[in-house]
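Participant: Here's the letter readout for the chains.
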Amino acid sequence: NAGVTQTPKFRVLKTGQSMTLLCAQDMNHEYMYWYRQDPGMGLRLIHYSVGEGTTAKGEVPDGYNVSRLKKQNFLLGLESAAPSQTSVYFCASSGHMNTEAFFGQGTRLTVV
Amino acid sequence: KQEVTQIPAALSVPEGENLVLNCSFTDSAIYNLQWFRQDPGKGLTSLLLIQSSQREQTSGRLNASLDKSSGRSTLYIAASQPGDSATYLCAGSYSKLTFGTGTRLQVTL
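Protein sequence lines, in the order shown, are assigned to chains G and U. Under the numbering used here, the very last position in the first sequence is 112; numbers go up by exactly one each time. Under the numbering used here, the very last position in the second sequence is 1109; numbers go up by exactly one each time.
In short, the hints are calculated from the structure, not lab data. Glycine included, C-beta positions come from ideal geometry on N, C-alpha and C. Hints are supplied without guarantee of correctness; some may be wrong.
Below 30 Å or equal to it, Euclidean Cα-Cα: the simulated DSBU-like pairs (lysine-lysine) are [said to hold, decoys possible]: (1) G:K70 <-> U:K1096; (2) U:K1042 <-> G:K70; (3) G:K71 <-> U:K1068; (4) G:K57 <-> G:K9; (5) G:K57 <-> U:K1096; (6) U:K1042 <-> G:K14; (7) U:K1042 <-> G:K9; (8) G:K9 <-> G:K71; (9) G:K57 <-> G:K14; (10) U:K1096 <-> G:K9; (11) G:K57 <-> U:K1001; (12) U:K1068 <-> G:K57; (13) G:K57 <-> U:K1042; (14) U:K1096 <-> U:K1042; (15) G:K70 <-> G:K9; (16) U:K1001 <-> G:K14; (17) U:K1068 <-> U:K1001; (18) G:K57 <-> G:K71; (19) U:K1068 <-> U:K1096; (20) G:K57 <-> G:K70; (21) U:K1096 <-> U:K1001.
A few chain U positions that, by computed beta-carbon distances, are all more than 12 Å from chain G [stated by the list, open to error]: (22) P1008; (23) V1020; (24) S1052; (25) E1056; (26) R1061; (27) N1063.
Working from the sequences, and respecting the hints, build out all of it.
Facilitator: Structure follows, in structure tokens:
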């Protein structure tokens, strides 16, 4: 019973490097989200998707790109990592905007 | 602007005590209000979801209420246990989920 799975769980990047975080859900959910969680800031929405092939900007989209080529996958890309992007990243999915949201276990990213 | 606030940021109670966690939101045009639990270094686990048309939801020792007119939701935990120690987050659903910063709960022996 996988739910929402994030890959990888941990990563250390050097400034300027690029990487992609993968989120996969097996619940046939339309909505998928990427959040970052920082101490004292709570969870902030980076980008989200309301269905396959769609993406939209959230609260803090700068420095990130996303793609939703398949309904079950939502990718978050960092083209040129910066120390300010050191954070814990969470992916979530829901069937609709007003239904229960399910979260992955998080990816701890450190940019040095 | 849609904002969600949780006060206090931290709370410590002795085992067995009943407690209430508070969540307030600025925009009453809310689809639903969801409560989550987060253990250190872990993801978020959904506890309760209250639709905008509902007043409360219950699951075991947990009871969540929603008052749209006052912009408040509460999470009541009965007979607290050390295993309840975690951070509790509320999130209002508008066009997207808007989170509070959470209340860190410690239940002591």
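Participant: Could you run down the list of hints and mark each one as holding or not?
Facilitator: Here is how each hint holds up against the structure:
1. G:K70 <-> U:K1096: holds (21 Å)
2. U:K1042 <-> G:K70: holds (26 Å)
3. G:K71 <-> U:K1068: violated (34 Å)
4. G:K57 <-> G:K9: holds (24 Å)
5. G:K57 <-> U:K1096: Answer holds: K57 of chain G to K1096 of chain U is near 11 Å, not above 30 Å.
6. U:K1042 <-> G:K14: Holds, because 24 Å separates the two Cα atoms, which is no more than 30 Å.
7. U:K1042 <-> G:K9: holds (11 Å)
8. G:K9 <-> G:K71: holds (22 Å)
9. G:K57 <-> G:K14: It holds: about 25 Å lies between the C-alpha atoms, which stays within 30 Å.
10. U:K1096 <-> G:K9: holds (25 Å)
11. G:K57 <-> U:K1001: This hinted pair holds, its Cα atoms lying about 16 Å apart.
12. U:K1068 <-> G:K57: holds (27 Å)
13. G:K57 <-> U:K1042: Holds: K57 of chain G and K1042 of chain U sit about 25 Å apart, inside 30 Å.
14. U:K1096 <-> U:K1042: Holds, at roughly 22 Å.
15. G:K70 <-> G:K9: holds (21 Å)
16. U:K1001 <-> G:K14: violated (36 Å)
17. U:K1068 <-> U:K1001: Given that 30 Å is the threshold and the Cα spacing comes to 16 Å, the pair holds.
18. G:K57 <-> G:K71: holds (18 Å)
19. U:K1068 <-> U:K1096: Holds. K1068 of chain U to K1096 of chain U sits at ~17 Å (cutoff 30 Å).
20. G:K57 <-> G:K70: Holds, because 18 Å separates the two Cα atoms, which is no more than 30 Å.
21. U:K1096 <-> U:K1001: holds (13 Å)
22. P1008: Given a closest Cβ separation of 14 Å, the condition holds.
23. V1020: holds (20 Å)
24. S1052: Since the minimum Cβ distance to chain G is about 8 Å, S1052 of chain U lies within 12 Å and the statement is violated.
25. E1056: holds (16 Å)
26. R1061: Its Cβ never comes within 12 Å of chain G, the nearest being 20 Å, so this holds.
27. N1063: holds (17 Å)
The structure is inconsistent with the numbered hints 3, 16, 24, although it conforms to all the rest.
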